[in-house]
Every structure is written in structure tokens, then in C-alpha cells.
Amino acid sequence: MRNTDIAAPDYFHKVVDCQWACPAHTPVPEYIRLIAAGRFSDAYMVNWKSNVFPGILGRTCDRPCEPACRRGRVEKDPVAICRLKRVAADYKDDITERLPKPAVIKNGKRIALVGGGPASLTVARDLAPLGYSCTIFDQDPTAGGMIRTQIPRFRLPETVIDEECGYILDLGIEFVGGTRIDSLKALLAEGYDAVFVGSGAPRGRELDIPGRKEAAANIHIGIDWLSSVSFGHINKIGKRVIVLGGGNTAMDCCRSSRRLGGEDVKVIVRSGFEEMKASPWEKEDAMHEDIPILNFLVPKEFTHENGKLTGVVFEKVKAEYDAKGRRNLVPSGEPDQHIPCDDVLVAIGQENAFPWIERDIGIEFDKWDMPKVDPTTFASTNPKVFFGGDAAFGPKNIIWAVAHGHEAALSIDKLCQGQDINDRPHPMVEIVSQKMGIHEWSYDNDIALDKRYRVPLRDKVVALRDIKAEVELGFDLELGLKETQRCLNCDIQTVFESKLCIECDACVDICPMDCITFTENGEEADLRARLKAPAKNLTQDLYVANDLKTGRVMVKDEDVCLHCGLCAERCPTGAWDMKKYLIDMTHADDLCRTRHQSAA
Amino acid sequence: MTYITKPKFHHPSLPKNALGYTHRDYEGKVSTLCAGCGHDSITASIIEACFELAIEPHRVAKISGIGCSSKTTDYFLNASHGFNSVHGRMPSVLTGANLANRDLIYLGVSGDGDSASIGLGQFAHAMRRGVNMTYIVENNGVYGLTKGQFSATADRGSKSKRGLTNNDNAIDLVAMGLQLGATYVARAFSGDKTQLVPLIKAAIEHEGAALIDVISPCVAFNNHAGSTKSFDYVREHNEAVNRLDFISGRAPIHVSYDPGSTQVVEQHDGSRLVLKKVAADYDAHDRAGAMNFLAHHAAKGQIVTGLIFVDSEPEDLHRHFNTVDKPLNTLSEKELCPGSAALEKINASLR
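Top line first, the protein sequences correspond to chains W and L. Read in order, the letters of the first sequence correspond to residues 0 to 599 in numbering that gives the first Met the number 0. Read in order, the letters of the second sequence correspond to residues 0 to 350 in numbering that gives the first Met the number 0.
There may be inaccurate statements among the hints.
Straight-line C-alpha distance at most 27 Å; calculated DSS-like pairs for lysine-lysine [said to hold, decoys possible]:
(1) W:Lys-48 to W:Lys-535
(2) L:Lys-299 to W:Lys-450
(3) L:Lys-325 to W:Lys-434
(4) L:Lys-70 to W:Lys-548
(5) W:Lys-578 to L:Lys-15
(6) L:Lys-15 to W:Lys-434
(7) L:Lys-7 to W:Lys-13
(8) W:Lys-317 to W:Lys-276
(9) W:Lys-434 to L:Lys-7
(10) L:Lys-299 to L:Lys-158
(11) L:Lys-275 to W:Lys-548
(12) W:Lys-481 to W:Lys-184
(13) W:Lys-531 to L:Lys-15
(14) W:Lys-498 to L:Lys-158
(15) W:Lys-579 to L:Lys-275
(16) L:Lys-5 to L:Lys-70
(17) L:Lys-15 to W:Lys-75
(18) L:Lys-7 to W:Lys-450
(19) L:Lys-158 to W:Lys-531
(20) W:Lys-48 to W:Lys-100
(21) L:Lys-70 to W:Lys-578
(22) L:Lys-160 to W:Lys-498
(23) W:Lys-75 to L:Lys-28
(24) W:Lys-481 to L:Lys-146
(25) L:Lys-275 to W:Lys-535
(26) W:Lys-535 to L:Lys-158
(27) W:Lys-75 to L:Lys-5
These aren't lab readings, by the way, just hints derived from the structure by calculation. Quick caveat, the model's predicted, so the values are computed rather than measured.
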């Protein structure tokens with residue numbers, strides 16, 4: 000293998016598994032260290048810059064970072080990254096002074112944003128301080144989009160939404176609430192320099208089986224129902240409720256039902272329990288509230304009497320796998336099951352809907368009737384129109400909408416400055432040694448086995464009485480501090496300098512994880528098998544360094560490195576060093592523009 | 000010195016030996032030696048050898064004297080018996096322990112100061128008596144604890160870190176071991192574990208006096224230009240006579256070796272030493288030839304490593320003394336006090 004190019008920004012970025020997995024690439028270990036140091040406002044600002052909604056995401060994020068967390072590979076459960084983010088938001092001081100100010104001088108460019116959810120808000124936040132005049136249109140009276148309409152209050156209090164949407168709207172952004180955009184053509188005709196479509200995936204999928212029309216009064220589409228609950232239009236439901244569907248929306252539906260009069264609430268899914276789309280912790284939360292999840296049941300018919308829903312008939316199925324490993328649900332042969340109920344909530348998916356986009360304005364649609372969107376620039380085939388969030392590639396999560404928003408804002412900025420939107424600037428990378436002196440490191444590397452701490456919950460009886468009572472109480476400072484200590488500081492990189500190495504094996508001998516090997520060079524597959532502990536995780540890179548005196552190579556398997564720094568501590572010549580690697584993703588801001596110019 | 004505690008985490012797919020232990024279970028405390036010390040590599044090799052042999056740690060007695068090398072017994076086999084003796088007196092403590100309990104595995108760890116200076120007499124007598132032990136000399140040619148004076152194994156003409164030249168002749172412990180009748184004599188380099196680990200394994204299984212002289216660079220005081228025990232010098236002048244594969248008598252043997260280039264040594268316990276010859280005409284069974292070979296190469300400034308001599312039918316101290324074949328602590332009162340008739344018999348034989 001060749002020398003690993005550690006100067007390429009991606010190499011060490013990948014080692015920081017959580018940051019690499021985060022769509023917005025939030026520098027997780029950095030903010031966890033700040034929390035550990037009690038610098039909550041600083042930790043909040045690191046988050047705010049990167050993911051815009053720390054308080055909201057700290058309660059609702061789908062946490063792609065956590066399955067990626069190294070702690071999960073070397074111990075069992077990952078660090079509770081998401082809930083630590085909430086600690087930063089809960090304990091910060093007033094940070095308004097640290098936020099960007101509304102632009103004093105406007106640059107004369109006008110941007111229209113359709114939909115007031117996380118994607119549009121991110122675009123507006125990035126662009127407004129630069130002097131852009133941003134106008135957000137939303138059908139609802141207040142900003143937030145699905146954050147406000149679909150996430151129940153017992154998971155996310157309204158005050159948090161108001162606060163974090165407020166930080167953005169205070170940047171001098173015009174929010175036009177209660178206004179649906181019915182024609183993109185008309186909007187474009189108003190002469191905007193660019194239009195961003197962040198209108199989400201607003202249509203809940205329908206379940207067209209017998210009895211649907213007749214019993215319609217008691218059959219509700221999940222996301223519409225949640226939205227009505229959110230705005231206070233609905234405040235009760237029948238005693239016996241069936242929720243159809245296995246995603247996070249289904250979990251929100253069933254838990255909301257429990258708080259609005261539902262006593263016997265069931266979630267019923269077609270697939271097996273394990274294959275459900277809902278995050279494991281959301282399923283846990285539902286079951287904690289005495290909601291059973293029944294699986295392998297396919298709804299066949301709504302039963303009704305005198306126009307009133309009486310229940311649902313299900314066919315029992317089982318999973319069979321074909322030669323290609325694809326799963327098919329086939330009838331198990333058991334008799335159909337009738338489950339009586341008063342109300343049904345249908346939460347079996349949601350879809351995009353663009354009836355308001357004319358098909359003759361240069362925006363091409365694909366065969367699934369989705370706009371063709373460039374995955375890097377988020378541009379449509381109309382150079383002035385950009386998409387992001389669920390509107391771009393179908394339903395995902397808030398953090399994806401934020402990531403899309405940053406990229407789209409960068410594209411819009413470049414477009415309005417007359418630059419090529421396909422020329423994407425590299426991230427800013429900063430690498431600094433953490434050595435303070437002999438045996439002194441500027442990060443806490445005393446790593447111990449320690450189980451994940453649980454977030455305290457509100458008493459169930461109290462929680463079920465009030466739909467606005469937040470269930471999770473958040474870590475207190477003591478628990479939060481303990482949880483921060485589980486972070487392995489993966490951004491403190493092991494950096495190797497061949498020229499200094501005397502091949503004494505001190506690092507090999509001390510490494511608690513057997514990550515380091517000095518051996519004859521070979522092809523990657525061959526090397527992976529020959530290491531001190533075989534490197535079987537192919538998603539994790541090998542760090543290879545040539546130019547050793549004996550002609551061998553140093554190979555470090557990044558997979559389970561604890562970043563404890565023992566290799567650097569035991570190295571007599573300083574060939575190993577622990578360096579903090581901060582990767583700052585480029586957003587649309589002044590810095591990125593000057594950076595681009597200096598590169599040109 | 001290291002102030003970071005070594006985490007208890009280990010690699011999730013770490014192999015286990017027949018006892019269900021990983022190599023981490025054979026570790027001791029974190030080393031307090033200088034970072035990069037060759038001795039730490041020897042420690043790691045001992046850990047690896049004991050792991051691979053699936054030795055029960057409580058069956059090992061690790062005995063040492065004084066010095067950097069002798070501190071290392073604290074850094075491996077946490078669950079073994081240990082004794083840090085007076086300077087240079089490891090061999091007699093080990094001999095005594097071995098006489099009392101012949102069932103334990105004896106691991107003597109010493110250095111060039113401990114064995115070639117203050118303890119030279121002890122070293123010589125343990126070798127000539129054929130104590131069943133593995134005697135490892137961690138040889139760096141320098142007094143590290145007292146800041147870098149030449150030791151008795153420093154080569155004549157080599158330079159100290161301060162630039163002084165050594166005018167005394169060096170003691171070659173391997174040559175002495177051969178001359179004094181050790182039945183397993185090897186030399187290795189701490190920077191080459193692939194060579195060292197099988198040599199330690201074979202020495203542990205050898206039922207006689209086994210000596211391994213391990214050149215172990217002192218990173219603080221003897222790793223400079225002009226030293227003959229530096230990483231660079233040893234790598235440049237290393238003349239390996241063979242590469243050893245150790246096959247335990249318990250393991251089935253599947254590997255077939257080309258008889259032209261290998262020499263298979265059957266040991267008393269059924270284990271096999273497979274020697275891959277590097278020096279074509281070298282015979283590891285020829286004590287006199289080995290001494291010759293050693294002297295010849297030493298004169299050229301070459302360091303001969305590998306398994307230099309092995310006697311496949313070794314004899315040990317217990318056999319010479321015709322001692323009881325059980326550890327003394329297992330003998331009952333009946334065996335220890337056979338009664339007045341037996342005493343009469345002994346007395347009669349002396350009259």
C-alpha cells in the first residue's frame with residue numbers, strides 16, 4: 000500500500016466517525032469537551048454554527064452519529080451524543096450577543112423560500128447576514144414547518160421551537176405566514192434572484208382498502224392529525240386506537256393518542272418488529288407508555304356499522320426470503336384477525352407533492368414525479384430554483400434538511416455573486432498538537448469502561464396527563480458530565496512521522512487495542528489479514544506509513560483506536576503525536592468567498 | 000514513565016488461547032521504564048510466548064535481581080509468583096526455589112550488570128549446574144539506572160553517549176553459557192519479536208538450563224552513533240544463523256518442512272524445534288562448532304543471533320542430585336520423617 004495521504008481533509012474526518020456520519024458534519028467531540036469543561040454556551044455555538052437547531056435536534060434528531068460512534072465498537076452502547084447536545088442547549092447562558100447581526104448593508108439580492116421548515120430556515124440563516132433579503136412563505140402561521148406541526152410537544156416544547164426559529168428570523172428575515180404558494184411560475188415572475196423550495200413531504204400516504212370511505216370519520220392520516228393536534232384543533236380521540244405503520248410518525252401518533260383519551264392504543268405493522276423504520280429509542284418510548292407493537296399483520300378491511308368504524312381486519316403474514324435475500328411477506332395461513340377500535344391513525348409513509356410547480360418553467364421531473372436535483376449543489380434544472388430538505392429527495396430527518404440548506408445557501412450565494420456553483424470550496428482544516436509537556440496532554444485521555452447513562456424521564460402518570468409535558472427531563476449536570484467522559488475524543492488524531500521512528504516497538508507493545516503493526520508492505524487485503532489484530536472492518540481505513548529504515552511499513556488500523564494517546568506517550572522520539580483535527584465545513588459566508596478568491 | 004492508565008478495553012476480536020485467556024491477561028503493570036526501552040519489547044515477547052503456550056500464570060515463578068531489566072518482572076504475568084532478589088543473586092534464589100518446587104516454570108530475568116558484573120559468579124554456577132530455567136539477559140551494554148556508564152558487556156572500542164571509548168574487553172554471555180554447559184543457548188534482538196518469541200517458547204519448554212541473551216537498546220544512554228547496541232547497529236550487523244518455529248508437543252503438526260533447508264529438533268517433552276537455516280552449514284547441535292562460529296563472527300563485528308546451541312537430551316540439577324520427583328511441599332510427614340529404622344540405616348552407612 001502507498002503512504003496514507005493524511006493531508007486530504009477526508010482522511011482524518013472519517014476517523015471522527017460521529018462527525019463523518021452527521022450530514023451537517025457537526026464537530027461532536029469538540030462540543031462534548033466544551034460541555035465537560037462547563038462551557039455550555041461555547042458548546043451551543045459550535046452546534047448552532049453547524050446544525051442550526053441544537054435545542055431541537057438535542058431532543059429529536061435521528062442521530063446518525065450514534066450508530067457510528069466508536070464507543071459502540073469498543074464497548075457496547077454509543078455515547079449519548081444527541082442528549083449531550085441538549086445539555087449544551089439547556090445550560091447555556093443568553094447567547095444572543097454571539098449571534099450574527101442583521102446585515103446593515105443589503106446586497107440587493109432577493110431570495111424567496113417556499114416552506115418555513117428546517118431547510119429554508121438554514122438557507123435564510125446562512126444568507127441573511129451576508130446582505131440577502133430573504134422572504135419565507137409558509138402555509139402555517141408560525142415558522143418551523145414539520146418541527147412545529149409533526150413533532151408532539153411532549154417531545155419538543157414550543158418554547159424551544161420559538162427560541163431557535165427566533166434566532167433566525169431575528170436576522171432580518173421576512174416571514175410570510177398563512178400563505179400557500181400555489182404557483183412557482185408566479186413566484187418567479189416576482190423577480191427573485193433565486194428561489195429555494197423547502198416545502199417538505201407534506202402528503203401522508205393513503206390506505207385504500209374496503210371500508211375506508213364509509214368509516215372515514217374515524218380514520219385519520221397521521222401527519223395531518225399530528226398537525227391538527229399541534230395547533231390545538233384536535234384534543235381528543237377514542238378509547239381504543241389502532242396506529243398503522245412502523246415509522247417515527249406512527250410512534251408520535253400512538254403516544255399522542257395516549258394523552259388525548261386513548262386507553263387501549265396499539266401499533267400494528269406489516270413487517271417484523273426488527274425491520275420497523277422507527278428508531279429503536281422511539282419504539283422503546285412507546286412501549287414504555289404501555290403501547291404494544293403487533294407485527295406481521297397486514298390491514299385488509301375497515302369494519303363499520305351505521306357509518307361508524309368498528310375495527311380493522313388483518314391478515315397474518317410471515318417473512319420469506321428469496322434467493323437474492325429479498326424479503327417477501329406471504330400469508331401465514333392463519334385465520335384473519337379482527338381488532339376492534341374507535342379510531343385509526345394511518346402513518347404508513349409520506350410523499351412529496353408538487354401540484355404548485357408548473358411543468359413548463361424549466362424544472363425537469365423524473366419518473367417518480369420528483370424534481371431532478373443535483374445532490375451536491377441542490378440546483379434544479381432551472382438555474383434559479385434550488386431544492387432542499389424532504390422536498391429534494393423525499394422524507395428524511397431534520398439534520399439532513401439542515402445539511403441540504405447549508406449546501407443550497409452556498410450555491411445561491413455563488414449564483415448571485417456570478418460564480419460557478421459547481422466549484423465547491425474545501426472545508427477549513429486545523430491540526431494542532433495536544434502535547435503540553437512531558438506526560439501532559441491538553442485533552443482528557445483517561446479512558447475507562449463505563450455504561451451509557453440514561454436520561455431521566457417524567458413520571459409516566461404525570462406525563463400521560465398533559466400532552467405538553469415534556470417526557471424527557473434531560474441530563475442533569477452530574478449525569479451529563481459523566482456521559483461526556485465516555486467520549487473517546489476521536490478528533491484527537493494519532494499522527495505518525497516515519498522520519499522520526501526508530502522502530503523500537505514501544506507503541507506496538509503499549510497499544511491496548513493492538514491497532515499498530517510494523518510489517519512488510521503488501522496489498523490492502525493481504526495487509527489487513529497480517530496485522531497484530533486482523534482488520535476486518537472494511538469501512539475503517541488503514542493508516543500506512545512507508546519510509547522506515549528497515550523498509551517495513553507502519554500500519555495502524557483506525558477501527559478500534561481509543562485515541563488514548565499511549566502510543567505518543569510511549570514514543571521515545573515523538574514519531575507519534577496526538578493532534579486535534581478540527582474540520583470546519585464551508586458555509587455561505589464572507590470567509591468562504593475570500594477563500595475562494597485567494598484560491599483563484 | 001507513563002502516567003496514563005492503560006485502558007482495560009481490548010480489541011473485540013482478540014484471539015484466546017486454550018485456557019480462554021487473551022494476551023492481555025498475561026500483562027502486568029504499565030512499564031515505568033523510559034519510553035522506547037528495548038526491555039519493554041522483551042516484556043511483550045514474554046507475554047506473547049506465555050499466551051501462545053497457554054501457560055497458567057500461577058505455574059510461573061519470575062525471579063530477578065536489580066536493575067532496569069530486573070524491574071520488568073513487574074510488567075508481565077500479574078498472576079505469577081515473583082521474587083526481586085539482591086543485586087546479582089537471582090540465580091541462587093532461582094536455584095533454591097527450583098530445588099524446593101520443581102513443578103513450577105522458572106523465568107529468571109536479569110541484565111548485563113546483574114549477570115555479567117556483580118552476579119557473574121552466580122550466573123556461571125547456575126549454568127554449570129544445569130538448573131531447569133529460562134534465563135533471559137536483557138543486555139543493553141550500559142548502566143542505565145546510573146546514567147550510562149559502560150557495563151561489562153559493552154564492546155571494546157564502542158563509544159558512550161558522552162563520547163568516551165570503552166577500552167575493556169567485553170564479556171560475551173552466550174560464549175560463557177556455551178562454555179559452562181548450558182543446554183539451550185540463544186541470542187536475539189529486542190527489535191525483532193518474530194525471532195524472539197519462538198526462542199522464548201522453546202526455552203520455556205526446554206528441560207534444562209536455557210539462556211537467551213537479548214540485545215536490548217537503551218534509548219536513553221546507548222542508542223547513538225558509536226554504540227554497538229543501538230537499534231541501527233544491531234540491525235546492520237545482525238547475522239541470524241536460523242529462524243525458529245516452535246511447535247508444542249500438544250499441538251498436531253501439519254506443517255511439512257523441506258529437509259534441505261530445515262533442521263527439526265525433537266525435544267524430550269515431545270515438542271519440536273523447526274530451524275530454518277539461514278547460515279547454510281550451521282549446526283545447532285555442535286557445541287564446539289558454535290563457539291568457533293561465534294568467535295569468528297565476533298571478530299568481524301557481527302552479532303550472531305538465533306538458536307546457537309541446543310542439546311536435545313538435556314540433564315538438569317534434579318537429575319544430578321537424584322532428588323525426589325515431587326515438590327517438597329507435597330511431601331507428607333511419613334516421607335519426611337521415615338522413622339528411626341531409616342535413620343539407623345543412614346547412620347550405619349556412614350560408619
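Each hint tested on the structure:
Distance hint between Lys-48 of chain W and Lys-535 of chain W is unfulfilled; the C-alpha atoms sit about 36 Å from each other, more than 27 Å. Restraint check: the Cα-Cα separation between Lys-299 of chain L and Lys-450 of chain W comes to about 60 Å, which exceeds 27 Å; the hinted pair is violated. For the hint linking Lys-325 of chain L to Lys-434 of chain W, the alpha-carbon distance of about 56 Å lies beyond 27 Å, and the restraint is violated. This hinted pair does not check out: Lys-70 of chain L and Lys-548 of chain W have alpha carbons roughly 30 Å apart, beyond 27 Å.
For a cut-off of 27 Å, the pair hint linking Lys-578 of chain W to Lys-15 of chain L is broken: about 34 Å separates their Cα positions. Between Lys-15 of chain L and Lys-434 of chain W the alpha-carbon distance is near 36 Å, which puts this suggested pair outside the 27 Å criterion. The suggested pairing of Lys-7 of chain L with Lys-13 of chain W holds, with an alpha-carbon distance near 25 Å, which does not exceed 27 Å. Distance check on the hinted pair: Lys-317 of chain W and Lys-276 of chain W sit about 18 Å apart at the alpha-carbon level, within 27 Å; holds.
A hinted pair counts as satisfied when its Cα atoms are at most 27 Å apart, and Lys-434 of chain W with Lys-7 of chain L qualifies at roughly 23 Å. Distance hint between Lys-299 of chain L and Lys-158 of chain L is fulfilled; the C-alpha atoms sit about 18 Å from each other, no more than 27 Å. A hinted pair counts as satisfied when its Cα atoms are at most 27 Å apart, and Lys-275 of chain L with Lys-548 of chain W qualifies at roughly 25 Å. Taken as a hint, the Lys-481 of chain W and Lys-184 of chain W pair is broken in the structure, with Cα atoms around 55 Å apart against an allowance of 27 Å.
With a C-alpha separation of about 14 Å, the suggested pairing of Lys-531 of chain W with Lys-15 of chain L holds against the 27 Å cut-off. The straight-line distance between the Cα atoms of Lys-498 of chain W and Lys-158 of chain L is roughly 24 Å, inside the 27 Å bound, and the hint therefore holds. Distance check on the hinted pair: Lys-579 of chain W and Lys-275 of chain L sit about 47 Å apart at the alpha-carbon level, beyond 27 Å; violated. Annotation: proposed proximity of Lys-5 of chain L to Lys-70 of chain L holds, straight-line Cα distance about 18 Å (limit 27 Å).
Among the hinted pairs, Lys-15 of chain L with Lys-75 of chain W is consistent with the structure: their alpha-carbon atoms are about 20 Å apart, no more than 27 Å. For a cut-off of 27 Å, the pair hint linking Lys-7 of chain L to Lys-450 of chain W stands: about 14 Å separates their Cα positions. Note on Lys-158 of chain L and Lys-531 of chain W: the hinted pairing is violated, with a Cα-Cα distance of about 36 Å set against a maximum of 27 Å. For the suggested pair Lys-48 of chain W and Lys-100 of chain W, the alpha carbons sit about 14 Å apart, so the restraint of at most 27 Å is met.
A threshold of 27 Å between alpha carbons decides the hint, and for Lys-70 of chain L with Lys-578 of chain W the separation of about 33 Å lies outside it, so the pair is violated. Distance restraint check for Lys-160 of chain L and Lys-498 of chain W: the Cα-Cα separation of roughly 22 Å lies within the 27 Å cut-off, and the hinted pair is therefore satisfied. Restraint check for Lys-75 of chain W and Lys-28 of chain L: satisfied, since their Cα atoms lie roughly 26 Å apart, inside the 27 Å limit. Of the supplied pair hints, the one linking Lys-481 of chain W and Lys-146 of chain L is violated, its CA atoms being roughly 44 Å apart against a limit of 27 Å.
Distance hint between Lys-275 of chain L and Lys-535 of chain W is unfulfilled; the C-alpha atoms sit about 31 Å from each other, more than 27 Å. Between Lys-535 of chain W and Lys-158 of chain L the alpha-carbon distance is near 47 Å, which puts this suggested pair outside the 27 Å criterion. This hinted pair checks out: Lys-75 of chain W and Lys-5 of chain L have alpha carbons roughly 19 Å apart, not beyond 27 Å.
Hints 1, 2, 3, 4, 5, 6, 12, 15, 19, 21, 24, 25, 26 from the list above are not met by this structure, while the remaining hints are.
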